[in-house]
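Residues per chain, in single letters:
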Amino acid sequence: MKTWKLTTPVSDDDIKDIKIGDIVYLTGSMTTCRDVAHRRLVEEHRPLPIDVRNKAILHAGPIIKDLGNDKYEMIAVGPTTSMRMEKFEEEFVKQTGVKLILGKGGMGPGTERACKKYKALHLVYPAGNAVYAALHVNKIVDAQWKDLGMPETLWSCDVKDFGPLIVSIDTNGDNLFEKNKVIFNERKEAEIKKIQKQVSFIK
Amino acid sequence: MDTMTYDYTEPALSTKGQQMRDILADYIALISHRLPDDVTAKLQELQKVEVDPLQKLVYDTMMENQLLANKLKRPSCQDTGALQFFIKCGAKFPLLGELNKILKDAVYRGTKKAPLRHNAVQTFDEYNTGMNIGDGIPSIFLQVDGDGTDIQMYVYMAGGGCTLPGEAKVLMPGEGYEGVVRFVMDRMTSYGINACPPLLVGVGVATSVETAALNSKFALMRRVDSESENANAAKLEHLLEDGINNIGLGPQGFGGQKSVMGVNVVNTARHPSTIGVAVSTGCWSHRRGFIKFDEDLNYELPYNKGVEL
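If you read the protein sequences in the order shown, they are chains X and D.
Per our numbering, residue 1 is the first one in the first sequence, and the count goes up by one each step.
Per our numbering, residue 1001 is the first one in the second sequence, and the count goes up by one each step.
Bound conformation, chain X alone (with noise of 0.2 Å):
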């Protein structure tokens, strides 16, 4: 487990040597970006309003307060689910340039082939440790797509060592939580038979 700390714009030089179970915090330029938005851009064909070419995007749907003038306060952020985005991942990398996904839990097949082909990261930010997250953002920058609502408007923030960010999938397309997930189907297995052995109760 090695501990790096990356700025955007993010190279792929800076993120070769980057493996899963890595640890990263993560300074510049990070969007929130999750379901309606993926879906505007992959099959409604509608370009992001905001550039994230070698930078990071956030799956996540803040809290913010609204200080009016268009100045905003991010209260409380966190990672949502990524799996959700895995069918539209492989596409948004490839049209975005997108260089470190940040979300939550594991993603598939499609996003391990974008993180090989295009040399990207996904990452995992410990969820629901949202006012801890808050308080490495700087400011928010820029607000874009904001008829979609709090959670889903594009958030563009300028963070600060923002982290721990636990590698998921790396540029070589290794993916840890489907490691994970065959011994955890092994283990399951087994205490299954374990369990059902004791719990006949219909005689």
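Accuracy of the hints is not assured; some may be wrong.
[To be verified] Using C-beta positions, here's what the derived DEER-type ranges look like:
1. Asp-1060(D) - Val-141(X): 27 to 37 Å
2. Lys-94(X) - Thr-1009(D): 27 to 37 Å
3. Ser-1273(D) - Glu-189(X): 28 to 38 Å
[Unchecked claim] EDC-like, lysine to aspartate or glutamate: derived pairs with alpha carbons at most 20 Å apart:
4. Lys-1113(D) - Asp-66(X)
5. Lys-181(X) - Asp-1294(D)
6. Lys-197(X) - Asp-1060(D)
7. Lys-1073(D) - Asp-66(X)
8. Lys-193(X) - Glu-1178(D)
9. Lys-194(X) - Glu-1064(D)
10. Lys-197(X) - Glu-1241(D)
11. Lys-193(X) - Asp-1060(D)
12. Lys-1073(D) - Glu-73(X)
13. Lys-1056(D) - Asp-70(X)
14. Lys-181(X) - Glu-1241(D)
15. Lys-160(X) - Glu-1064(D)
16. Lys-194(X) - Asp-1186(D)
17. Lys-19(X) - Asp-1052(D)
18. Lys-1071(D) - Glu-73(X)
19. Lys-2(X) - Asp-1052(D)
20. Lys-203(X) - Glu-1175(D)
21. Lys-1056(D) - Asp-161(X)
22. Lys-2(X) - Asp-1060(D)
23. Lys-193(X) - Glu-1064(D)
24. Lys-181(X) - Asp-1052(D)
25. Lys-1112(D) - Asp-70(X)
26. Lys-1016(D) - Asp-1294(D)
27. Lys-1112(D) - Glu-73(X)
Bear in mind the hints are in silico, worked out from the structure with no lab data behind them.
All C-beta atoms in this analysis are idealised placements derived from N, C-alpha and C, irrespective of residue type, glycine included.
Following the hints, complete the assembly by docking chain D onto the known chain X.
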């Protein structure tokens, strides 16, 4: 397309109704930034069991986050859920007739106060109401219990992540409780892993999908260390708890010693031809409250020792 908006006018409540609404709005804000005592104690216990640096780092982050949330009075998790109330009310509780309006307005006000995230999307019309209330949100499950004058309610903020694993199914009796075990365990590795472990797992056993599902939600309202009064159900709780722990999901699904805070089973009778089974999960940030009022609105908070609103 024109932007659709949700019509809501705050209701005219009686003086007592306003008082109850204000207490509940305060309590909702509190639940968003302070975990119930049983959950906090359990997380501290589980933290000590993890030995690897990654797992320790995750638990340290969680503990630091809860301290900050309490101190700054901010929601500890950004997903403050679609609110649910599970209520037992005496038939002579004086505000029974106003209750639905009181609860909806308490969520409306609590949302501004906390502030909570706007989590009510009107289905089919597909727009966010921007108020955290909508058709059927908050959801209210009410049992009238005898002709007393008291009311007690669980207040639950279930986020999307831990709502996603929810599933209900009707088994044939031939599948037995062995089938119940398979159903619950399969859900843990497919969806539980992404639902922010260590989880509280609620299992409902009954006749049909809706009765089992409601039981599984009631199970999440019980304390994490509680045990079913039925000896066989309690046995299943312990077997499942050990079994899911042995899968080794660990905090956030990164692997580790423990996967769950607990497993609670709630059961009701079944039709002879069916076994309804359901699973619901609560994430580590299990924000559920419990408040009891008497007819004069004196209240107790059994899950939050030392807290006054």
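Taking the hints in turn, this is what the structure says about them:
1. Distance hint for Asp-1060(D) and Val-141(X): a CB-CB separation of about 30 Å, consistent with the stated range 27 to 37 Å.
2. With their beta carbons about 48 Å apart, Lys-94(X) and Thr-1009(D) fall outside the hinted range of 27 to 37 Å.
3. In this structure the hint that Ser-1273(D) and Glu-189(X) lie 28 to 38 Å apart at CB holds, the actual value being about 29 Å.
4. A distance of roughly 14 Å separates the Cα atoms of Lys-1113(D) and Asp-66(X); the hinted pair therefore holds under the 20 Å criterion.
5. With a C-alpha separation of about 49 Å, the suggested pair Lys-181(X) and Asp-1294(D) falls outside the 20 Å cut-off, and the hint is violated.
6. Taking the CA atoms of Lys-197(X) and Asp-1060(D), the gap is near 38 Å; set against the 20 Å cutoff, the hint is violated.
7. Between Lys-1073(D) and Asp-66(X), the direct Cα distance comes to roughly 18 Å. Compliance with the 20 Å bound is thereby established for this hinted pair.
8. Taking the CA atoms of Lys-193(X) and Glu-1178(D), the gap is about 9 Å. The hint holds against a cut of 20 Å.
9. Among the hinted pairs, Lys-194(X) with Glu-1064(D) is inconsistent with the structure: their alpha-carbon atoms are about 38 Å apart, more than 20 Å.
10. With a C-alpha separation of about 16 Å, the suggested pairing of Lys-197(X) with Glu-1241(D) holds against the 20 Å cut-off.
11. Among the hinted pairs, Lys-193(X) with Asp-1060(D) is inconsistent with the structure: their alpha-carbon atoms are about 35 Å apart, more than 20 Å.
12. A distance of roughly 15 Å separates the Cα atoms of Lys-1073(D) and Glu-73(X); the hinted pair therefore holds under the 20 Å criterion.
13. For the hint linking Lys-1056(D) to Asp-70(X), the alpha-carbon distance of about 40 Å lies beyond 20 Å, and the restraint is violated.
14. A threshold of 20 Å between alpha carbons decides the hint, and for Lys-181(X) with Glu-1241(D) the separation of about 19 Å falls inside it, so the pair holds.
15. The suggested pairing of Lys-160(X) with Glu-1064(D) holds, with an alpha-carbon distance near 17 Å, which does not exceed 20 Å.
16. As the CA atoms of Lys-194(X) and Asp-1186(D) are separated by approximately 15 Å, the hinted pair is consistent with the 20 Å bound.
17. Distance hint between Lys-19(X) and Asp-1052(D) is fulfilled; the C-alpha atoms sit about 18 Å from each other, no more than 20 Å.
18. Taking the CA atoms of Lys-1071(D) and Glu-73(X), the gap is about 18 Å. The hint holds against a cut of 20 Å.
19. About 14 Å separates the Cα atoms of Lys-2(X) and Asp-1052(D), which keeps this hinted pair within 20 Å; it holds.
20. Among the hinted pairs, Lys-203(X) with Glu-1175(D) is consistent with the structure: their alpha-carbon atoms are about 12 Å apart, no more than 20 Å.
21. Proximity of Lys-1056(D) to Asp-161(X) is assessed by CA-CA distance (about 19 Å); at most 20 Å being required, the pair is judged to hold.
22. Between Lys-2(X) and Asp-1060(D), the direct Cα distance comes to roughly 18 Å. Compliance with the 20 Å bound is thereby established for this hinted pair.
23. A distance of roughly 39 Å separates the Cα atoms of Lys-193(X) and Glu-1064(D); the hinted pair therefore is violated under the 20 Å criterion.
24. In summary, the hint linking Lys-181(X) to Asp-1052(D) is supported, as the alpha carbons are separated by about 19 Å, within the 20 Å threshold.
25. For the suggested pair Lys-1112(D) and Asp-70(X), the alpha carbons sit about 19 Å apart, so the restraint of at most 20 Å is met.
26. Our distance criterion of 20 Å between C-alpha atoms is met by Lys-1016(D) and Asp-1294(D), whose separation comes to about 12 Å.
27. For the hint pairing Lys-1112(D) with Glu-73(X), the CA-to-CA distance comes to about 15 Å; that is within 20 Å, so the pair holds.
When held up to the earlier numbered hints, the structure conflicts with 2, 5, 6, 9, 11, 13 and 23 and fits the remainder.
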